[in-house]
Amino acid sequence: MKILSEVGRYLVLMKQVFRKPEKQSIYRKQLWLEMDNLGLDSLGIVAIISIFMGAVVTIQMAFNVDSPLIPLYTIGFATRKSVILEFSPTIVSLILAGKVGSRIASEIGTMRVTEQIDALEIMGINPAAFLILPKIIASIIIYPFLILVSMFLAISGGWLAGSLTGLVATNDYVYGLQYQFKMFDITYALIKTVVFAFLTASVSGYYGYYTSGGALEVGRSSTKAVVNSSIMIILFNLILTQLLLA
Amino acid sequence: MIEAINVSKSFNNHEVLKNISVKFEKGKTNLIIGQSGSGKTVLMKCLVGLFPIDKGSINFDGRSFSTISYEEKKKVRQEIGMLFQGGALFDSMNVEENVVFPLSMFTEMSNNEKIERANFCLKRVNLENVNKLFPSELSGGMKKRVAIARAISANPKYLFCDEPNSGLDPATSIVIDNLISEITQEYQITTVINTHDMNSVIEIGDKIAFIYKGNLWWEGDKNSILHTDNKEINDFVYATELTRRLKGK
Ligand SMILES: Nc1ncnc2c1ncn2[C@@H]1O[C@H](COP(=O)(O)OP(=O)(O)OP(=O)(O)O)[C@@H](O)[C@H]1O
Ligand SMILES: [Mg+2]
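Top to bottom, those sequences are chains A and B. Residues 5 to 250 (the working numbering) are what the first sequence spells out, left to right. Residues 2 to 250 (the working numbering) are what the second sequence spells out, left to right.
Everything labelled a hint here was simulated from the structure, so no lab data went into it. Hints may contain errors.
Unchecked claim - If the Cβ cut is set under 10 Å, some of the chain A residues that face chain B in the computed set are:
(1) 5
(2) 9
(3) 10
(4) 20
(5) 26
(6) 30
(7) 33
(8) 114
(9) 119
(10) 120
(11) 125
(12) 130
(13) 182
For glycine and all other residues, C-beta sits at the position ideal for the given N, C-alpha and C.
Please put together the full structure from these sequences, using the hints given.
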């Protein structure tokens, strides 16, 4: 029951978010700010995690295919597959749910408890749209870029690890990367990414927007935002995989 | 004129406003007074629609505010300026951006015009050379004054101030009271002020509504409040030794 009413409230809020903006130019300015805040700020953590995860995936593959019957290029092939299909879109989105989600929820939650949202409302502005819409759009624009960077870095990390440890030669690795390459894998990853971006920004915006109380509740909303965004990502990952790959 | 008719409001079975009917007139500073916790802030938030009311209606110059659609409400609100008890400045914007914000949103003014207007409003609340500071860098009283400047920047037709001079020293308080009173007359604004400061009551109380435990207990003005024999009003007015001594004279 409680879940149903929360989903209902979330949908009502989304309807409010997608109303016509009062003034396009102000919203556009807000969008630029958010792209900077949410996206470029996350580039560092995405880069570090991707390089290391790519390296780990490659090394593990190398140990797993330690049999003369399996060609070495399988390592490159498998690294590419796991990075593009799952690691970059899903795991990186989960990590971003922590960073971006808590940021959105605590920012909006603080505005709620200090009456800044009421102040917007009183001016005749639709606060839900003004605060949440630019964050959703910014995430949808920035996430695919971050995920593409992540794919590139993870695969590079794998190559670096493979060749430095001597587990797989560059030739084999690169051959594996290109072996039976399907563009659709990238499309699939980006579709997932966009959905995850929307979920993270909107779910976190929801928890921030309906914060009530004080500083303590802001912390609580921010935790709920991260936990529930992550659950939604996992759930939609399953649904989208079924829909797109089946 | 703003009119509340039979307004009631409860929070989880706790009735905060009980059947309040009151009129606030144009060109006058209308004061809502009462003890802490009596329901002043709740009444003000009901007037501007931040709290939905349980019963009754609210009219802005004959336009029923409590029944109209969201988009129509937004139109009326563009004519409202409001000072919140806690200031409610936008943390992410500096002083100037805060004051300019309503202008950017709803006017076609050029950047220079907007900044000129912001400086004018800031000057009227005795603030100069603070344009680039952020709210976290201001004192409590300065925040309050910036919030007043923001509330008046877009030339509102209706001005709501929740405790405009709590946290200000007596001299600054008087400057703020006089400012609000002046612009009210000058631009014929309908101004509603929550206060429990007796100085403001005597200075600018064109019309006074006394709220007692959620009821509209007494109505009058700055002269009649000193001569009424209503017990609760007298307890409120003559709560301090200073006022009691003055009364004795
Ligand atoms: N959002 C809310 N939820 C539940 N109760 C509330 C809420 N806001 C106010 N109240 C209750 O309403 C009553 C009146 O509060 P209000 O803030 O209007 O007092 P006030 O007259 O403005 O006091 P002060 O002078 O201290 O600002 C209080 O008992 C308060 O507990
Ligand atoms: Mg109050």
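- List in ascending order the numbers of the hints, as given earlier, that are violated by the structure. Of the numbered hints given earlier, those the structure breaks are 1, 2, 3 and 13, listed in rising order.
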